[in-house]
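Participant: The chain contents come next:
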Amino acid sequence: MKARIHVTLKNGVLDPQGKAVEHALGSLGFDGVEDVRQGKYIEINLSETDPAKAETQARDMCEKLLANTVIENYSVEIA
Amino acid sequence: MKAAVIVFPGSNCDRDLQVSLRIATGNEPLMVWHGDSSFDDVDLIAVPGGFSYGDYLRAGAMAAKSPVMREIIARANKGVPVLGICNGFQILTESGLLPGALMRNAALKYICKDIHLRVETNDTAFTRGYATGDVLRIPIAHHDGNYFADPDTLDELEQENRVAFRYTNAQGEQSADANPNGSQHHIAGILNKNRNVLGMMPHPERLADAALGGEDGKRMFEGLVRAIA
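Sequence lines, in order, name chains A and B.
Counting with this note's numbering, you get residues 1 to 79 for the letters of the first sequence.
Counting with this note's numbering, you get residues 1 to 229 for the letters of the second sequence.
One chain only, chain A, in its complex shape (with noise of 0.2 Å):
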């Protein structure tokens, strides 16, 4: 099974980054952008073929190393 995980600062968190992005994108002439956010996404492969199990084990992953969740939420995608 493949796990898609996308990792993201929790609201609240000030992003720098996504703010830099969001004023690039309007001095490229890009009107109504708003509260860019950027994050990280990650793919893992599994030898497991249970989707329950697999996103147990996914999540399990985030709360060990993949995310800090002091600072980020994530969410889990299992196809």
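There could be a bad hint or two in this list.
Said to hold, decoys possible - Keeping only pairs whose Cα atoms sit at most 25 Å apart, straight-line, the calculated DSS-like set for lysine-lysine is:
| no. | chain 1 | residue 1 | chain 2 | residue 2 |
| --- | --- | --- | --- | --- |
| 1 | A | Lys10 | A | Lys40 |
| 2 | A | Lys53 | A | Lys40 |
| 3 | A | Lys19 | A | Lys2 |
| 4 | A | Lys40 | A | Lys64 |
| 5 | B | Lys113 | B | Lys218 |
| 6 | A | Lys10 | B | Lys109 |
| 7 | B | Lys78 | B | Lys193 |
| 8 | B | Lys65 | A | Lys64 |
| 9 | A | Lys40 | B | Lys109 |
| 10 | A | Lys2 | A | Lys64 |
| 11 | A | Lys53 | B | Lys65 |
| 12 | B | Lys2 | B | Lys193 |
| 13 | A | Lys53 | A | Lys64 |
| 14 | B | Lys218 | B | Lys2 |
| 15 | A | Lys53 | A | Lys2 |
| 16 | B | Lys78 | B | Lys65 |
| 17 | A | Lys2 | B | Lys65 |
| 18 | B | Lys65 | B | Lys193 |
| 19 | A | Lys40 | B | Lys193 |
| 20 | A | Lys40 | A | Lys2 |
| 21 | A | Lys64 | B | Lys78 |
| 22 | A | Lys64 | B | Lys193 |
| 23 | A | Lys64 | A | Lys10 |
| 24 | A | Lys19 | B | Lys109 |
| 25 | B | Lys2 | B | Lys78 |
| 26 | A | Lys10 | B | Lys65 |
Bear in mind the hints are in silico, worked out from the structure with no lab data behind them.
Since this is a predicted model, take the numbers as computed values, not measurements.
Fit chain B to the supplied structure of chain A, relying on the hints for placement.
Facilitator: Same frame as chain A, but now just chain B:
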């Protein structure tokens, strides 16, 4: 007194720390490789600056899960003093020994310059060489030193007097201009609840010899030795 310096792939302040601790303690520090899961008993564990594991994923994230860190966490919980400088601070927050996180500098730039710090408490072995209120000139060199914690954690740190150092100007006054990286509450260094773990972004080991421009950092190591030995 015997100190250990932990060496990760990508550490680059380990030798500076080795020299500072050798001079302060009079003993050769034990250099411990990150893959070692045990090492001799020591009176102080120092986690140096650098770019452990290339800052992959997040600064300090990989190092925090290395075999040596399991041992360091166990010893810190038994009361052994643990000092984390720069990347060492990032590793200690990632490992859970210290609360909060070090985020990208507010101005997004890597900053390498001398800054001023105010000693906020000397009620810990780490700052015994200073008086509360002392202003130090010490270099910083980091890209991710912007201290973040949720409001409850910040309140707890303040109430328990666990902010060890704050960024100030040369007069010891806090201001937005004197906060180089956007850290909340101008925090440059914090202690754990038991006050035996200190994490700080500035580099005392880089200003511990008059030949290198100052000795404000040397007092930290001398004070530590007096407090521990």
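Participant: If a hint holds in the structure, say so; if it doesn't, say that too.
Facilitator: Going down the list of hints, with the structure as the test:
The suggested pairing of Lys10/A with Lys40/A holds, with an alpha-carbon distance near 13 Å, which does not exceed 25 Å. Taken as a hint, the Lys53/A and Lys40/A pair is honoured in the structure, with Cα atoms around 23 Å apart against an allowance of 25 Å. This hinted pair does not check out: Lys19/A and Lys2/A have alpha carbons roughly 32 Å apart, beyond 25 Å. Among the hinted pairs, Lys40/A with Lys64/A is consistent with the structure: their alpha-carbon atoms are about 16 Å apart, no more than 25 Å.
The hinted pair formed by Lys113/B and Lys218/B meets the criterion: a straight-line CA distance of about 18 Å does not exceed 25 Å. Only pairs whose Cα atoms come within 25 Å are accepted, and Lys10/A paired with Lys109/B is accepted, the gap being roughly 22 Å. Taking the CA atoms of Lys78/B and Lys193/B, the gap is near 13 Å; set against the 25 Å cutoff, the hint holds. Between the alpha carbons of Lys65/B and Lys64/A the distance comes to roughly 9 Å, so the proposed pair stays at or under 25 Å and holds.
Restraint check: the Cα-Cα separation between Lys40/A and Lys109/B comes to about 20 Å, which is no more than 25 Å; the hinted pair holds. Distance hint between Lys2/A and Lys64/A is fulfilled; the C-alpha atoms sit about 19 Å from each other, no more than 25 Å. Using a Cα cut-off of 25 Å, the hinted pair Lys53/A and Lys65/B holds, with the two alpha carbons roughly 23 Å apart. A hinted pair counts as satisfied when its Cα atoms are at most 25 Å apart, and Lys2/B with Lys193/B qualifies at roughly 24 Å.
Restraint check: the Cα-Cα separation between Lys53/A and Lys64/A comes to about 17 Å, which is no more than 25 Å; the hinted pair holds. For the suggested pair Lys218/B and Lys2/B, the alpha carbons sit about 17 Å apart, so the restraint of at most 25 Å is met. A distance of roughly 12 Å separates the Cα atoms of Lys53/A and Lys2/A; the hinted pair therefore holds under the 25 Å criterion. A threshold of 25 Å between alpha carbons decides the hint, and for Lys78/B with Lys65/B the separation of about 19 Å falls inside it, so the pair holds.
With a C-alpha separation of about 24 Å, the suggested pair Lys2/A and Lys65/B falls inside the 25 Å cut-off, and the hint holds. At roughly 22 Å between alpha-carbon atoms, Lys65/B and Lys193/B fall within 25 Å of each other, so this suggested pair holds. For the suggested pair Lys40/A and Lys193/B, the alpha carbons sit about 32 Å apart, so the restraint of at most 25 Å is broken. About 16 Å separates the Cα atoms of Lys40/A and Lys2/A, which keeps this hinted pair within 25 Å; it holds.
Among the hinted pairs, Lys64/A with Lys78/B is consistent with the structure: their alpha-carbon atoms are about 23 Å apart, no more than 25 Å. Between Lys64/A and Lys193/B, the direct Cα distance comes to roughly 23 Å. Compliance with the 25 Å bound is thereby established for this hinted pair. Restraint check for Lys64/A and Lys10/A: satisfied, since their Cα atoms lie roughly 17 Å apart, inside the 25 Å limit. The suggested pairing of Lys19/A with Lys109/B holds, with an alpha-carbon distance near 14 Å, which does not exceed 25 Å.
Of the supplied pair hints, the one linking Lys2/B and Lys78/B holds, its CA atoms being roughly 17 Å apart against a limit of 25 Å. For a cut-off of 25 Å, the pair hint linking Lys10/A to Lys65/B stands: about 23 Å separates their Cα positions.
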